[in-house]
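Okay, here's what each chain looks like letter by letter:
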Amino acid sequence: MRANHAMARVLACALAALPLAAPAQDLLIRNAWVHTVTERGTLERADVLVRDGRIAAVGTGLAAGGATVVEANGRPLTPGLFGGITALGVEEVSLEPATVDNASPRDDDKGMPPEPRPEFDVTLSFNPDSAVIGVNRVEGVTLAMIAPGAVSGQAVVAGQGAVARLDGRADAIVPASRTLFANLKAGVSRAGQIMLLEQAAREAKPPPQMRDGDFRLLTPAGREALARYLAGGRVAFAVDRAADIRQVLAFAQRHGARPIVVGGAQAWQVAGPLAQAKVPVILDPLVDLPDSFDQIGATLENAARLHAVGVRIAFTNLNDGTHNARKVRQAAGVAVAHGLPFEAALAALTANPAEIFGLGAQFGRIAPGYVADLVLWSGDPLEVTSVAEQVWIDGRAQSMRSRQTELRDRYRPVTR
Amino acid sequence: MTLARFLLLALAAWAAGAQAAPDPFKSTYQPAASTPTLIRNATVLDGAGRRLDGADVLMRDGKIAAVGTGLAADGATVVDAQGRWVTPGLIDVHSHLGVYASPGVNAHQDGNEATDPVTAGVWAEHGVWPQDPGFYTALAGGVTTLQVLPGSANLIGGRGVTLRNVAGTTMQDMKFPGAPHGLKMACGENPKRVYGGKGKSPSTRMGNVAGYRQAFADAQDYRRQWEKYQRELAAYEAQQKDGKASRRKRDGDLKPPIEPRRDLRLETLVGAMNGEIQVHIHCYRADEMAVMLDLAREFGFKVAAFHHGVEAYKIAERLAQEGVCGALWADWWGFKMEAYDAVWENIAFVDAPANGCAIVHSDSAEGIQRLNQEAAKAMSRGRQAGLDIPPERAIRWITSNAARSLGIADQVGTLEPGKRADVVIWNREPFSVYALTDRVYVDGALRYDRAAPATQPESDFLLGQPAGGAL
Numbered sequence: 001m002r003a004n005h006a007m008a009r010v011l012a013c014a015l016a017a018l019p020l021a022a023p024a025q026d027l028l029i030r031n032a033w034v035h036t037v038t039e040r041g042t043l044e045r046a047d048v049l050v051r052d053g054r055i056a057a058v059g060t061g062l063a064a065g066g067a068t069v070v071e072a073n074g075r076p077l078t079p080g081l082f083g084g085i086t087a088l089g090v091e092e093v094s095l096e097p098a099t100v101d102n103a104s105p106r107d108d109d110k111g112m113p114p115e116p117r118p119e120f121d122v123t124l125s126f127n128p129d130s131a132v133i134g135v136n137r138v139e140g141v142t143l144a145m146i147a148p149g150a151v152s153g154q155a156v157v158a159g160q161g162a163v164a165r166l167d168g169r170a171d172a173i174v175p176a177s178r179t180l181f182a183n184l185k186a187g188v189s190r191a192g193q194i195m196l197l198e199q200a201a202r203e204a205k206p207p208p209q210m211r212d213g214d215f216r217l218l219t220p221a222g223r224e225a226l227a228r229y230l231a232g233g234r235v236a237f238a239v240d241r242a243a244d245i246r247q248v249l250a251f252a253q254r255h256g257a258r259p260i261v262v263g264g265a266q267a268w269q270v271a272g273p274l275a276q277a278k279v280p281v282i283l284d285p286l287v288d289l290p291d292s293f294d295q296i297g298a299t300l301e302n303a304a305r306l307h308a309v310g311v312r313i314a315f316t317n318l319n320d321g322t323h324n325a326r327k328v329r330q331a332a333g334v335a336v337a338h339g340l341p342f343e344a345a346l347a348a349l350t351a352n353p354a355e356i357f358g359l360g361a362q363f364g365r366i367a368p369g370y371v372a373d374l375v376l377w378s379g380d381p382l383e384v385t386s387v388a389e390q391v392w393i394d395g396r397a398q399s400m401r402s403r404q405t406e407l408r409d410r411y412r413p414v415t416r
Numbered sequence: 001m002t003l004a005r006f007l008l009l010a011l012a013a014w015a016a017g018a019q020a021a022p023d024p025f026k027s028t029y030q031p032a033a034s035t036p037t038l039i040r041n042a043t044v045l046d047g048a049g050r051r052l053d054g055a056d057v058l059m060r061d062g063k064i065a066a067v068g069t070g071l072a073a074d075g076a077t078v079v080d081a082q083g084r085w086v087t088p089g090l091i092d093v094h095s096h097l098g099v100y101a102s103p104g105v106n107a108h109q110d111g112n113e114a115t116d117p118v119t120a121g122v123w124a125e126h127g128v129w130p131q132d133p134g135f136y137t138a139l140a141g142g143v144t145t146l147q148v149l150p151g152s153a154n155l156i157g158g159r160g161v162t163l164r165n166v167a168g169t170t171m172q173d174m175k176f177p178g179a180p181h182g183l184k185m186a187c188g189e190n191p192k193r194v195y196g197g198k199g200k201s202p203s204t205r206m207g208n209v210a211g212y213r214q215a216f217a218d219a220q221d222y223r224r225q226w227e228k229y230q231r232e233l234a235a236y237e238a239q240q241k242d243g244k245a246s247r248r249k250r251d252g253d254l255k256p257p258i259e260p261r262r263d264l265r266l267e268t269l270v271g272a273m274n275g276e277i278q279v280h281i282h283c284y285r286a287d288e289m290a291v292m293l294d295l296a297r298e299f300g301f302k303v304a305a306f307h308h309g310v311e312a313y314k315i316a317e318r319l320a321q322e323g324v325c326g327a328l329w330a331d332w333w334g335f336k337m338e339a340y341d342a343v344w345e346n347i348a349f350v351d352a353p354a355n356g357c358a359i360v361h362s363d364s365a366e367g368i369q370r371l372n373q374e375a376a377k378a379m380s381r382g383r384q385a386g387l388d389i390p391p392e393r394a395i396r397w398i399t400s401n402a403a404r405s406l407g408i409a410d411q412v413g414t415l416e417p418g419k420r421a422d423v424v425i426w427n428r429e430p431f432s433v434y435a436l437t438d439r440v441y442v443d444g445a446l447r448y449d450r451a452a453p454a455t456q457p458e459s460d461f462l463l464g465q466p467a468g469g470a471l
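Read top to bottom, the protein sequences are chains A and B. To convert, note that position 322 of the first sequence is 322 in this note's numbering; the numbers rise steadily by one, no gaps. To convert, note that position 30 of the second sequence is 30 in this note's numbering; the numbers rise steadily by one, no gaps.
Hints in this document: simulated from the structure, not taken from any laboratory. Treat the numbers as computed from the prediction; the structure is a model and nothing was measured. Among the hints, erroneous ones may be present.
To be verified - No farther apart than 25 Å at their CA atoms in a straight line, the calculated lysine to aspartate or glutamate pairs in the DMTMM-like style are these:
1. Lys336(B) <-> Asp171(A)
2. Lys185(A) <-> Glu366(B)
3. Lys185(A) <-> Asp320(A)
4. Lys185(A) <-> Asp110(B)
5. Lys26(B) <-> Asp61(B)
6. Lys228(B) <-> Glu267(B)
7. Lys200(B) <-> Asp242(B)
8. Lys336(B) <-> Glu92(A)
9. Lys200(B) <-> Asp61(B)
10. Lys302(B) <-> Glu366(B)
11. Lys336(B) <-> Asp409(A)
12. Lys336(B) <-> Asp61(B)
13. Lys336(B) <-> Glu406(A)
14. Lys198(B) <-> Glu96(A)
15. Lys336(B) <-> Glu389(A)
16. Lys336(B) <-> Asp101(A)
17. Lys63(B) <-> Glu416(B)
18. Lys336(B) <-> Glu96(A)
19. Lys302(B) <-> Glu338(B)
20. Lys200(B) <-> Glu96(A)
21. Lys26(B) <-> Glu366(B)
Stated by the list, open to error - A short list of chain A residues far from chain B (calculated; beta carbon distances all over 10 Å):
22. Arg30
23. Gly192
24. Ala242
25. Pro290
26. Gly333
27. Ala337
28. Thr405
Claimed, not checked - Where chain B lies over chain A, by a calculated footprint (3+ residues, C-beta under 8 Å):
29. 53 to 60
30. 91 to 103
31. 310 to 323
32. 380 to 393
Built from N, CA and C at the ideal position, the CB exists for glycine as well.
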C-alpha cells in the first residue's frame with residue numbers, strides 16, 4: 001500500500017510536468033449517497049477520501065487532512081461510468097470517412113491481404129482530444145471500450161480494441177483490457193463465417209499444422225495476434241441468435257479463448273449455458289424489436305433474465321454507441337423498469353464491464369485502492385432528469401464544459 | 001350529372017384550390033366499442049398546459065366528456081388512478097414504422113423511392129405494412145397517433161400519412177379519418193449524397209434548392225392549367241345550360257375544354273401550396289432552414305415543421321415568429337456533419353419564445369417507445385439552463401404541439417371535452433426513466449393494458465415464432 005502510494009506520487013509528479021495534466025489533488029467528498037458497487041452496497045451518508053488519484057477510504061467522519069473538501073449534501077456518488085462498446089476517439093462524424101478510423105483497410109483495397117485481420121489495432125488511431133469524448137465525459141462516462149468496427153462488410157474478425165480512459169491523457173489506452181472483436185451476424189452464411197474462424201485459428205497455431213505453400217487467410221502478424229487471443233485471451237463476438245451463441249461457446253471452448261457476447265438479443269434463451277460457462281453478455285437493454293430474424297424474441301427483460309440466472313451483464317448503446325454513449329445510463333434505467341434490480345443495473349455500467357475487460361481490481365467500484373474515477377449526480381444516477389454535476393478521473397475534477405455546453409451558452413435565450 | 005362529370009368537376013375544383021380532392025384510399029378506421037369510463041383521482045396533464053392534481057377524466061362515446069375533480073361516475077366504469085398520472089395519447093410526427101418495418105429485411109425497405117429527387121407522387125401509406133411489430137411496442141409506450149413519412153433520400157419524398165396506432169389488417173384500418181396528408185421534403189446532405197453519388201443532380205446544396213424551386217414552379221404552372229381549364233369548363237357549362245334553356249343552337253358555341261393530364265407529383269405540390277397538405281421538412285442546419293422559409297414564401301406554402309432541426313435553437317425566435325414547429329430529438333447528434341452542432345437544450349430553446357412550438361419526435365422504432373423519456377431529458381436540460389418548464393408544459397411537446405403540426409389539433413392532443421378520448425394512464429410521473437404505461441385508450445377503448453398481457457395486441461409476424469418463447 002505504502003509502495004503504491006509512493007509510486008502514485010511519483011507518477012503524479014511526472015504528470016504534473018505535462019501541460020494538460022493538473023496534479024492529482026487529495027479530495028474528500030463528504031456526505032454523499034455512495035453507491036460503492038461492492039458488497040458494502042449503498043452507504044447513505046458517507047465520505048470518500050481520495051489520495052494520489054486512488055480511493056483511500058470510504059466511511060463516515062473521515063478527516064480531510066489537507067484534502068480539498070466537496071460537500072455532496074446527500075447527492076449520489078457513483079464510480080465513473082463505462083460507455084460501452086464505442087468508437088470514441090476514432091470517429092468524429094460518422095458519415096465523414098476522413099474522420100472515421102475504426103475499421104481495418106477493406107479487403108478490396110489494392111494490395112491489402114484479405115480479411116480477417118486480427119492484427120488490426122484500432123487503439124493506434126485513438127485521439128484523446130476528440131470533441132465526442134468531452135461530450136460524453138460531462139455525462140459521467142469516464143471509460144469506454146474503443147472497438148474496431150466491421151465497416152468492410154462481413155469481416156469475421158474486426159481487430160483489436162481496448163478500454164480507454166477519457167480525460168484527454170496521451171496514454172489513455174489500458175493495455176490489460178485488450179480484446180479481439182469478431183462478428184457472427186446475418187448477411188453471410190454463419191457456417192461460412194465459422195469456417196473462416198476455424199481456418200484462422202488453425203493458422204494461428206504453431207506448425208506443423210500449416211506448411212509452406214498452404215493457403216493462408218492471415219498475415220504473419222495476424223497469426224501472432226490471433227494466437228495470443230486464443231491462448232486465454234478475450235474475444236468479443238457480436239452475435240444475437242441463440243443458435244449462434246451456442247456456436248460461439250463451442251468455438252471458444254475448442255480454441256481456448258474467453259468469449260464475450262456483444263448484442264445477444266436472444267441471449268436470455270441460452271442464459272443457463274452462458275451462466276455455466278461464465279460468459280458475460282454486453283447488451284443494449286433497449287433492443288426489443290426483431291430488427292433482424294436473429295432478434296426475434298428480443299425483450300426489454302433480457303437484462304433482468306440474464307442477471308437472474310447469474311450471467312454477468314454490461315451495457316452498451318448499439319444504436320449510436322459513440323456519440324450517444326452517454327445513453328447507456330438511460331438504457332440501464334429502462335432495464336430497471338423491466339425487472340433488473342437497481343444495484344445490478346449500476347454494476348452493469350461500472351464494476352461488471354471493468355471485470356469483463358480485466359480491470360475489476362482497479363476500476364468500477366468505490367473502495368480503497370480503486371482508481372478515483374467518480375461522478376457526483378444531481379439525483380438518481382439512472383434517472384433521465386438527473387445530470388452529472390461533477391466528474392473526477394484519477395481524483396482530478398474534470399471540466400464540466402464540452403463543445404455542446406459552449407454552443408448552448410452562445411445561443412442561450414433570454415430567460416422568460 | 002354523371003358520376004364521371006361529377007368527379008371531373010370535383011377534381012377541377014380541387015385543383016383550383018376550392019376543396020380537397022377525394023381520397024381514393026379512404027380510411028376504414030372504426031373506434032373499438034367502448035363503455036363510458038371514469039379515471040379517478042389522478043395527476044392529470046391535459047396537454048393544453050394545465051396540471052390538475054387529484055383529478056378525474058371521464059370518457060364517453062369515444063370522446064373526452066369531462067376533466068375535473070369529483071366527477072360523477074353516472075354508470076361509467078371506474079378506474080382508480082390514485083398515485084398515477086394521466087396524459088393525452090402521445091403523438092409522433094416522424095415515424096417510419098410500416099415503411100421500414102421490423103424485421104429490416106430487404107423486402108421491407110419501402111420508405112425511400114430513391115429513383116428520382118422529386119417523387120411527390122408517392123404516398124407513404126402505400127408502403128405501410130400494418131404488421132410491423134413496432135406499432136405494437138409504440139402503443140405500449142403510449143403512442144396513439146403517428147405520422148408515417150417517406151424517408152429523406154429525395155428532395156421531395158412524397159406524402160406522409162397520419163395513423164391511429166391500433167392493430168389493423170390494412171393500412172386503411174389505421175388511417176386517421178380526415179387527417180391531412182403530410183409532404184416530406186429533405187434539406188442538406190441526404191439528397192445530395194444519394195443523387196450526387198449517382199452522378200445526378202442534386203450533388204450540392206445549390207442543386208437541392210434548384211430542385212425544389214423547379215418542382216414548385218412546375219406545380220404553379222400545373223395549377224394555372226387547371227385553373228384555366230376550370231374557367232373554360234365553367235363557361236362551357238354555363239353556355240350549355242343557357243343553350244338548353246333556349247333549346248336552339250347558336251353560332252360561337254364553345255367546345256368542351258380538354259382536361260389537363262393529371263400529374264400525381266404536381267398534384268401533391270399544388271395541395272401543399274393550397275394549404276391542404278402539411279409540409280414537413282427534414283432540415284438540420286439553421287441556415288438551411290432559413291433558406292427553406294424563403295422558398296416557402298416564394299411559392300406560397302407554409303412549413304408545418306422542420307424535422308430533426310439539430311440547429312433549430314440557433315433560430316428559435318424566427319421559427320416562433322413564423323409559426324413553424326421544430327420536431328426534434330433530445331440527444332441524437334454527430335452521425336453526419338449537419339448534425340454536429342447538437343445541444344441538449346434544443347427542444348427547450350425552441351419552446352422558449354412566445355408562440356414557440358417544440359415537438360419531440362422519434363424517427364426511430366426505439367425512440368417512439370419512450371417519447372416521454374426523450375421529453376424528460378429535454379425538460380431537465382432546459383431547466384438546468386434556467387428555463388421554467390413544468391411537466392404540464394413539456395407534455396405539449398409530445399401531444400398538442402405534435403397535433404398542431406399534423407393539422408389535427410381539433411381532434412387530438414389534449415384532454416379537452418369533445419376531443420377523441422386518446423388517454424394514457426402512467427404508473428408514475430411520465431418524465432421518468434422508470435415510468436411505464438398502465439393503460440392506453442384510443443377513442444375511449446382500452447387498447448393496451450400492461451396488467452393483462454394476454455389481451456395485448458401482437459403482430460401476425462411474431463405469432464408462432466419459437467424464438468419468441470411463446471410456444
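Structure versus earlier hints - violations, ascending order:
Hints 1, 7, 9, 10, 12, 15, 21, 24, 25, 26, 27, 28, 29 not satisfied by this model.
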